[in-house]
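Trainee: Every number in my numbering is 23 more than the matching position in the sequence shown, counting from 1.
Think of the hints as simulated: they come from the structure by calculation, not from any bench.
Be careful, since some hints might not be right.
If you anchor each label on the Cβ, the simulated ranges turn out as follows [what the hints assert, rightly or not]:
#1 Ala28 with Leu88: 47 to 55 Å
#2 Ile73 with Ser48: 14 to 22 Å
#3 Leu46 with Phe72: 22 to 30 Å
#4 Pro29 with Pro91: 37 to 45 Å
#5 Pro91 with Val51: 43 to 51 Å
#6 Ser61 with Pro29: 47 to 55 Å
Using N, Cα and C, we set each Cβ at its ideal position, and we do this for glycine too.
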Amino acid sequence: LLKNAPNPLGILGSKAVGEPPLLMSSGVLFALKRAVESARRDAGNSDPFILNAPATVEATQQVCLVDPLRFEF
């Protein structure tokens, strides 16, 4: 990005406005993966797993190895 370089095709001449939200959203996925790693360790499993975006509730529960028999009320 050149300083003071015009961008006639951008909204109000803006440049690089999409990257910050995109990078911040990837942080959420990485944090979720760390939480899944912790849940799997608590369940006694430290095997590698794949969690792709979008990380739906169902996909997250599956990779967390949720076992309803371990729930305590």
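Trainee: For every hint, state whether the structure bears it out.
Mentor: Okay, the hints, checked on the actual structure:
1. Ala28 with Leu88: 47 to 55 Å: With Cβ atoms ~52 Å apart, the hint holds.
2. Ile73 with Ser48: 14 to 22 Å: 19 Å, holds
3. Leu46 with Phe72: 22 to 30 Å: Hint holds: Cβ distance 23 Å, inside 22 to 30 Å.
4. Pro29 with Pro91: 37 to 45 Å: 60 Å, violated
5. Pro91 with Val51: 43 to 51 Å: 26 Å, violated
6. Ser61 with Pro29: 47 to 55 Å: 49 Å, holds
When held up to the earlier numbered hints, the structure conflicts with 4 and 5 and fits the remainder.
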